[in-house]
Amino acid sequence: MIYPEPTNIWESIQYSPMGLSIAESLWAFPMIETVHVMALVTVIGTILVMDLRMLGKASTNQAVTQVSADTLKWTWLGFVVAAITGTLLFISKASSYMINPYFLTKMGLFVVVGLNMLYFHFVTYKTVDQWDSSASPPQAVKTAAIISLLIWIVIVFCGRAIGFTLGIYY
Amino acid sequence: MHLAMRQVPDWGNSCLMFDLIFDFLFSITDWLRTTVLLDFAFWITETSLSLFMVTNFWMVPIAQVFHILAIGAAFGATLMFTLRVHGKAATDLSLEQVAGRYVPWIWYGLLVIVLSGLLMITAEPIRNMVNAVFWIKMLVLLVTVFLSLGFIKSVRTKAAASGAAWAASSGAKTTSILLIVLWLFIMLCGRWIAYVPV
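Residue numbers (my numbering), protein chains in the order written: chain A, 1 to 170; chain B, 1 to 198.
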């Protein structure tokens with residue numbers, strides 16, 4: 001196959017041996033995407049459990065720290081696998097992703113959801129002793145859960161939107 | 001523009017295992033094309049719901065978002081229940097309490113999965129119904145639903161009878177892992193419906 005000489009970093013990534021191998025293979029992209037889906041539903045499913053506890057809507061017979069201990073390792077495992085597979089999908093069509101508004105929005109939302117998590121962990125969570133077993137945690141906890149749920153839903157939407165719009169932007 | 005020849009490893013296109021699987025799936029799809037399913041699929045494309053789904057660009061992606069979120073809810077609940085069966089989560093609660101928390105999420109999640117899935121079939125009936133992977137997925141989904149029903153009922157009954165001393169049998173542990181594997185296989189089929197030739 002003949003490919004154009006890369007003119008920027010994204011094209012260099014896309015036309016690298018690994019990028020081309022994934023793009024040219026009949027099964028690599030769908031297979032990586034399948035693992036991406038398996039990982040992301042694990043992230044969504046376990047975050048939903050934690051956020052509903054933070055909202056006081058479910059698992060209220062368990063301490064917040066207990067629900068966190070049960071779910072968080074699975075959330076992180078899922079996230080790491082989704083990030084690795086997502087990166088592999090990205091490098092196969094890097095320049096198309098980099099001009100796709102839904103991809104760029106999705107990356108921006110990861111920053112927002114990460115900041116929300118950091119603020120919750122380092123500020124709000126400091127007082128967890130006071131509301132660990134509370135069936136209805138303080139407003140700051142509920143707000144963090146609402147922000148998390150809403151942004152993750154929009155992230156899923158952006159992920160699907162990318163699949164329907166990749167290649168229509170130039 | 002400069003053009004350059006680039007060396008690309010060709011392992012991607014010459015995977016014998018995938019060739020054999022594709023050939024097998026395609027032979028089933030070829031047979032499906034000779035059945036009444038083809039006429040039925042074409043009939044669906046002319047319904048007003050199908051036309052509504054395909055003429056509005058965002059309907060299919062939005063149906064898929066509901067599908068994925070519901071899979072997250074149901075699979076996450078299945079995962080937490082499985083972890084409790086293995087004594088790896090929520091050990092401060094009885095199995096019955098954990099079942100009460102998560103089992104409704106499995107079934108309501110499944111309801112949303114089925115409804116959003118029906119919308120997706122209506123939008124693209126030929127790609128779905130004249131497709132071997134779709135029917136394999138439906139078959140495995142059916143097995144998973146009935147196995148889940150039986151497994152959850154049996155494990156709840158045994159746990160209730162044994163009280164606080166209850167610990168899952170190795171058979172129950174194996175079945176719970178099998179259910180996770182079946183869910184993952186269903187997701188595999190779900191993604192491949194879009195990629196196998198029809």
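Keep in mind the hints are simulated off the structure, nothing from the lab. From the three backbone atoms N, C-alpha and C, an ideal C-beta is built for every residue, glycine too. There's no promise every hint is true.
What the hints assert, rightly or not - In silico negatives: residues of chain B with every beta carbon more than 10 Å from chain A: (1) Cys15; (2) Phe42; (3) Phe52; (4) Gln64; (5) Ala74; (6) Leu83; (7) Ile152; (8) Ala161; (9) Arg191.
As the list claims (entries may be wrong) - No more than 25 Å apart at the CA atoms, straight line, and that leaves these computed lysine-lysine pairs for DSS-like: (10) A:Lys73 with B:Lys88; (11) B:Lys153 with B:Lys173; (12) B:Lys158 with B:Lys173; (13) A:Lys57 with A:Lys142; (14) A:Lys126 with A:Lys142; (15) A:Lys57 with B:Lys88; (16) B:Lys88 with B:Lys173; (17) B:Lys173 with A:Lys73; (18) B:Lys88 with B:Lys153.
Hint check results:
With 10 Å as the threshold on Cβ separation, the claim that cysteine 15 (chain B) sits away from chain A is violated: the shortest Cβ distance comes to roughly 6 Å. Distance check for phenylalanine 42 (chain B) against chain A: the nearest CB is about 24 Å away, which clears 10 Å, and the non-interface claim stands. At roughly 17 Å from the closest C-beta of chain A, the C-beta of phenylalanine 52 (chain B) stays outside 10 Å, upholding its exclusion from the interface. For glutamine 64 (chain B), the requirement that its beta carbon stay farther than 10 Å from each beta carbon of chain A is not met, with the minimum near 5 Å.
The claim that alanine 74 (chain B) lies off the interface is violated: its Cβ sits roughly 8 Å from the closest Cβ of chain A, which falls inside the 10 Å cut-off. In this structure leucine 83 (chain B) is not separated from chain A by more than 10 Å, as the shortest Cβ-Cβ distance comes to only about 7 Å. At roughly 17 Å, the least C-beta separation between isoleucine 152 (chain B) and chain A is larger than 10 Å, which holds for a residue marked as non-interface. Consistency note on alanine 161 (chain B): stated as away from chain A, and its beta-carbon is indeed over 10 Å from all of that chain's, at 22 Å minimum.
Under the 10 Å C-beta cut-off, the non-interface status given to arginine 191 (chain B) relative to chain A is violated; the minimum distance is some 4 Å. Our distance criterion of 25 Å between C-alpha atoms is met by lysine 73 (chain A) and lysine 88 (chain B), whose separation comes to about 12 Å. A hinted pair counts as satisfied when its Cα atoms are at most 25 Å apart, and lysine 153 (chain B) with lysine 173 (chain B) qualifies at roughly 14 Å. At roughly 13 Å between alpha-carbon atoms, lysine 158 (chain B) and lysine 173 (chain B) fall within 25 Å of each other, so this suggested pair holds.
A distance of roughly 10 Å separates the Cα atoms of lysine 57 (chain A) and lysine 142 (chain A); the hinted pair therefore holds under the 25 Å criterion. The straight-line distance between the Cα atoms of lysine 126 (chain A) and lysine 142 (chain A) is roughly 15 Å, inside the 25 Å bound, and the hint therefore holds. Pair hint lysine 57 (chain A) plus lysine 88 (chain B) holds up; C-alpha atoms about 23 Å apart against a cutoff of 25 Å. Distance check on the hinted pair: lysine 88 (chain B) and lysine 173 (chain B) sit about 12 Å apart at the alpha-carbon level, within 25 Å; holds.
Proposed proximity of lysine 173 (chain B) and lysine 73 (chain A) is supported: the alpha carbons are some 20 Å apart, at most 25 Å. The straight-line distance between the Cα atoms of lysine 88 (chain B) and lysine 153 (chain B) is roughly 20 Å, inside the 25 Å bound, and the hint therefore holds.
Of the numbered hints given earlier, the model fails hints 1, 4, 5, 6, 9; all others are met.
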